[in-house]
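A.B. asks: Listed below are the residues making up each chain.
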Amino acid sequence: MSTALSPVSQQSHLELHGRMSFATRHYWAISDLVGGLRLWRLGLTLGWLDIRLRYRGSMLGPFWLTISTAVMVAALGFLYSELFKLDVAGYLPFLALSQVLWGFLASMVSEACTTFTEPEAVIRSTRMPFTVFSIRILVRNALALAHNVVVIVVVFMIFRMWPGWHLLLALPGLAIWTIDSLALTLLLGAFCARFRDIQPIVNSIMQIGFFVTPVIWKPDQLSPRATALMPLNPFYDLLEVVRGPILNSGMSHMTWVGALGYSLLLCLISWSFFVYARGRITFWV
Amino acid sequence: MKETAQIDIEDLSVWFPLYHGSARSLKKMALAAATGRLGRDRREHVVVRALRDVNLTLTAGDRLGLVGANGAGKTTLLRALAGIYEPVAGRIRVQGSLNALLDASLGMNMELTGRENILLRGLYAGLSKPDLVRLEDDVAEFAELSDFIDLPVRIYSTGMVVRLGFAMATAIKPQILLMDEWILAGDAAFMERARVRLETMVRSAEILVLSTHMTTIIQDWCTRVLWLDQGHVRADGPAAEVLEQYIGKPLPAPAPADALT
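Heads up: the sequence lines are chains A and B, in that order.
The opening residue of the first sequence carries number 8 in the numbering used here; numbering runs sequentially from there.
The opening residue of the second sequence carries number 829 in the numbering used here; numbering runs sequentially from there.
Note that these hints are calculated values from the structure, not bench results.
All C-beta atoms, glycine included, are put in the ideal place defined by N, C-alpha and C.
Any given hint could turn out to be false.
Label pairs and their calculated CB-CB ranges [as the list claims (entries may be wrong)]:
1. B:Arg1062 - A:Pro207: 43 to 53 Å
2. B:Glu831 - A:Arg63: 53 to 63 Å
3. A:Gly257 - B:Lys957: 32 to 42 Å
4. A:Phe29 - B:Thr986: 49 to 59 Å
Coverage of chain B stretches by chain A, computed from C-beta distances (three or more under 8 Å per stretch; other residues unrestricted) [claimed, not checked]:
5. 899–913
6. 918–926
7. 1045–1057
Chain A side only, calculated, beta carbon under 8 Å to chain B, not exhaustive [what the hints assert, rightly or not]:
8. Leu21
9. Gly25
10. Leu46
11. Leu49
12. Tyr62
13. Arg63
14. Val78
15. Ser132
16. Thr133
17. Met135
Take these sequences, add in the hints, and give me the full structure.
C.D. replies: What follows is the structure in structure tokens.
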């Protein structure tokens, strides 16, 4: 029967102190990150299984994501183009794209809150890099996004819109999203494990974010003065770094400055908190 | 690459903060901060001292049994050794690959199929692709799942779930093996095959740390016993000696001839 399978992920050297110096704390946080990336196949599998389990037993499976987004975009599209007196052909592709991209951002933020409380049983039964669970949330949401992209493609095809090769400029934006998502899961995952009432607060903030950010309304509906202030809205900057290139809407440099600035800030806060909290998360979940 | 296994623990303390109900909430923290009571609130956190100044050195060949009442800190010590609970004070040094069998359900998801559960368990252990295949073969064969392997664990019989959990837990052989007593539960009814498999794993581990209430198992398997009492080390020494102190009377029978080690 048997084998000499031996665990390799577990560090074969482990030295932990009660009073850790600043440098030691950073060392452990970095090794968590590296260890998590090394176990990327685990994170990938966990994220994929999450999506599969969510639609277990249903015939269309994850394509329900696509369908519900399509229904929502179609309904909202016709309703709002009527309300805002906009041309459907101009408005619907904008709405489809915005709605899908915002959907990713919103669910990423919301699910980041339960990054570590969800797998508490695993966290308490084996030493595992916390980054594994961050990757899992990112993968899960990226897969949902991939299913929704179908809606964008179909709407663009119906209205015969081809974004052109500017599309590729969305790639740096997606890279920023990836990094920000991981930072967000480490920060909110740990913070929400410690303080259980953060999640509802976060969800309320995202609700407000949805209305103050041009997702269902177009930025050119604003006065020029208000438009100039838009880059101050972090949600706008982050949405626009991916949406702008696809719509070829001529992004201002301020949007890039804002997106990079806010991302840097997020990463800094997230890292500082993770370095401080990493060893305590197990006691919080 | 393979070094001999070694564990050093110096003055290890592990405390659990208890965030009672609202003490955990932001509201209370914010109110406390606004009224200048944050400091006091901090000190008023109820803390459970699960382990206090534990010292322990284990080298290759050691078989340690942990005994003590419920809540004495046995499982906490196992978790600290596994690097799950990081020390509040003191130092832990562990050298060697380690596997902790603390929770039968690690990675076991009732909604997933047997095959998916085995894959996840292998990925948690960081196995390479060829090793994942070997793991699957080994576990499937031992657990005798046959066609059920591609069905959700939810529909398995109780016996199949136990076999699958046991087979996964015992498939990976570490240098340092930490065991909580769940794996021995229902020992009487346990198949002979399972016993052999478990003993093979125990024998191949360089260091064994086993937490149990069953003194006969400790007599069979352990050479050394650590008696924990409310987080303190009450006694540490040769198995027979400490067990007699712990039970409070001489041990019933000498260890059987087929004992390990």
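A.B. asks: Would you mind marking each hint as holding or not holding in the structure?
C.D. replies: Hints, verified against the model:
At roughly 46 Å, the beta carbons of Arg1062 (chain B) and Pro207 (chain A) sit within the given window of 43 to 53 Å. Taken as a hint, the range 53 to 63 Å is violated for the pair Glu831 (chain B) and Arg63 (chain A), whose Cβ atoms sit roughly 45 Å apart. At about 47 Å, the CB distance of Gly257 (chain A) to Lys957 (chain B) disagrees with the hint of 32 to 42 Å. Between Phe29 (chain A) and Thr986 (chain B) the beta carbon distance is about 51 Å. The supplied range of 49 to 59 Å therefore holds.
Coverage of the stretch 899–913 of chain B by chain A holds [criterion: at least 3 residues with CB-CB distance below 8 Å; count 5]. Only residues whose C-beta sits within less than 8 Å of a C-beta in chain A count toward coverage, and the stretch 918–926 of chain B has 9 of them, enough to reach three; the restraint holds. A count of 0 residues in the stretch 1045–1057 of chain B with a Cβ less than 8 Å from any Cβ of chain A is obtained; the coverage claim is therefore unmet, three being the minimum. Residue-level restraint check for Leu21 (chain A) holds (minimum Cβ-Cβ distance to chain B is 4 Å; threshold 8 Å).
Hint status for Gly25 (chain A) relative to chain B: holds, with the closest Cβ pair at about 4 Å, below 8 Å. Taking 8 Å as the C-beta contact cut-off toward chain B, the hint placing Leu46 (chain A) at the interface holds, the least distance being around 6 Å. Hint status for Leu49 (chain A) relative to chain B: holds, with the closest Cβ pair at about 4 Å, below 8 Å. Interface hint at Tyr62 (chain A): violated, since its Cβ lies 12 Å from the closest Cβ of chain B, which is beyond the 8 Å cut-off.
Taking 8 Å as the C-beta cut-off, the interface hint given for Arg63 (chain A) holds, the closest approach to chain B being about 6 Å. With 8 Å as the threshold, the beta carbon of Val78 (chain A) stays out of range of chain B, its nearest partner Cβ sitting at about 27 Å, so the hint is violated. With a cut of 8 Å, the hint placing Ser132 (chain A) at the interface with chain B holds, because the nearest CB-to-CB distance is about 4 Å. With its C-beta approaching chain B no nearer than about 6 Å, Thr133 (chain A) sits inside the 8 Å limit, and its interface hint holds.
Hint status for Met135 (chain A) relative to chain B: holds, with the closest Cβ pair at about 7 Å, below 8 Å.
The structure does not agree with the numbered hints 2, 3, 7, 12 and 14 stated previously, though it agrees with the rest.
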